[in-house]
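J.: Chains as they are written, first to last, in this note's numbering: chain D, -18 to 155; chain A, -18 to 155.
Think of the hints as simulated: they come from the structure by calculation, not from any bench. Just to be clear, a hint being listed does not mean it is correct.
No copy is singled out in the list; a pair is fine if it fits within one copy or between any two copies.
[What the hints assert, rightly or not] Here are the computed lysine to any residue pairs in the SDA-like style, where the Cα-Cα straight-line distance is at most 20 Å:
| no. | residue 1 | residue 2 |
| --- | --- | --- |
| 1 | Lys71 | Val148 |
| 2 | Lys(-13) | Tyr90 |
| 3 | Lys87 | Leu147 |
| 4 | Lys13 | Met28 |
| 5 | Lys87 | Ile131 |
| 6 | Lys87 | Pro75 |
Number of protein chains: 2
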Amino acid sequence: MPGAGKGVFRKIVQNSGFSVVTMGDVVRAEVKRRNLKATPENLGKVMLNLRELDGPAAIAKQCVPTLKQKTGKMVVIDGIRSLVEVEEFKKHFPDFVLVAIHSSPKTRYKRLVNRKRSDDPLNWETFIQRDLRELGIGMGSVISVADYMIINEGSIKQLKNKIIQLVAKVLKDE
Amino acid sequence: MPGAGKGVFRKIVQNSGFSVVTMGDVVRAEVKRRNLKATPENLGKVMLNLRELDGPAAIAKQCVPTLKQKTGKMVVIDGIRSLVEVEEFKKHFPDFVLVAIHSSPKTRYKRLVNRKRSDDPLNWETFIQRDLRELGIGMGSVISVADYMIINEGSIKQLKNKIIQLVAKVLKDE
Chain D
-18 MPGAGKGVFR
-8 KIVQNSGFSV
2 VTMGDVVRAE
12 VKRRNLKATP
22 ENLGKVMLNL
32 RELDGPAAIA
42 KQCVPTLKQK
52 TGKMVVIDGI
62 RSLVEVEEFK
72 KHFPDFVLVA
82 IHSSPKTRYK
92 RLVNRKRSDD
102 PLNWETFIQR
112 DLRELGIGMG
122 SVISVADYMI
132 INEGSIKQLK
142 NKIIQLVAKV
152 LKDE
Chain A
-18 MPGAGKGVFR
-8 KIVQNSGFSV
2 VTMGDVVRAE
12 VKRRNLKATP
22 ENLGKVMLNL
32 RELDGPAAIA
42 KQCVPTLKQK
52 TGKMVVIDGI
62 RSLVEVEEFK
72 KHFPDFVLVA
82 IHSSPKTRYK
92 RLVNRKRSDD
102 PLNWETFIQR
112 DLRELGIGMG
122 SVISVADYMI
132 INEGSIKQLK
142 NKIIQLVAKV
152 LKDE
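Pulled out of the complex, with its shape left as it was, chain D reads as follows (with noise of 0.2 Å):
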């Protein structure tokens, strides 16, 4: 969810030396691909009309083969909001964990108001409008079945440690 620690994941693991491949990334190559400037508006639109061309899982699809091509022990996908894509990508790695990572939204909010600029304050109300657009293209579904959850209410340095723990660990279990 916004602001539960997902982009210190990716430095993490991308300072540890493992690739990481953006889904959005892939809307941002097609809209520059379409010759349009990468406005919220177009990265927007240009992701539905992706859906609608080729269905629910089409981000995921066109990230497979950038992911096929990434080498070492394990790459990292960031970015996935729903259970279509989740089947998508075990479909291609049958190696595949889904990693989630969970802060309340009191400490998200917190969080997202300290990231803000303050010339583009974020209420409560804006937050919360947010979370359920996240949610309603099924992101809820995606945590509640993680392979593995962290929980992460603490200093970065704290969420550092259980990244660093976590990827340990997966790299042993799997």
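Since chain D is already given, all that's left is putting chain A on it; use the hints.
T.: What follows is chain A alone, placed relative to chain D:
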């Protein structure tokens, strides 16, 4: 989610002297009131009928008077499955907090297989279908916006300790 440890949670808080209101009991009471047998089929039909008559928060609404009669520092509601139910409870109880328990699908499956009677075996397919039914009514959204999350991948003893710690924390924080 099924097999995550909800039953252990209920038992622990009851043994600690707190009241538990089980949402399924509303449906069971209504089935009895209508002079029907408490078969899974009748329970399912009456549940749907209550929602038809009084909207998706019907079961939650019927729990409110029972909850208000309870005394003690804390009352536990067992069986919340959608965000409208959360909203209903928040409206009546400003100190409402939402607790979720997470276990990986692999762990939950193992537990449910062990719990099942041998004449009615559970397979992975049936397990996934049951998960999808729960997620289909919005369970994933509820889990994702929990104020407190417990990870339950270990023993019952470990879970018990986590629950006791959580209850103490909630009573202190809220």
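J.: All hints, please: hold or fail.
T.: Here is how each hint holds up against the structure:
1. Lys71 with Val148: within (19 Å within a copy, 38 Å between copies)
2. Lys(-13) with Tyr90: Only inside one copy: Lys(-13) and Tyr90 sit 14 Å apart there, 27 Å across copies, limit 20 Å.
3. Lys87 with Leu147: Intra 25 Å, inter 17 Å, cutoff 20 Å: inter-copy only.
4. Lys13 with Met28: within (13 Å within a copy, 50 Å between copies)
5. Lys87 with Ile131: both (17 Å within a copy, 17 Å between copies)
6. Lys87 with Pro75: Classified as between; 15 Å across copies, 36 Å inside a copy.
Every hint, counting from the list given before, is met by this structure.
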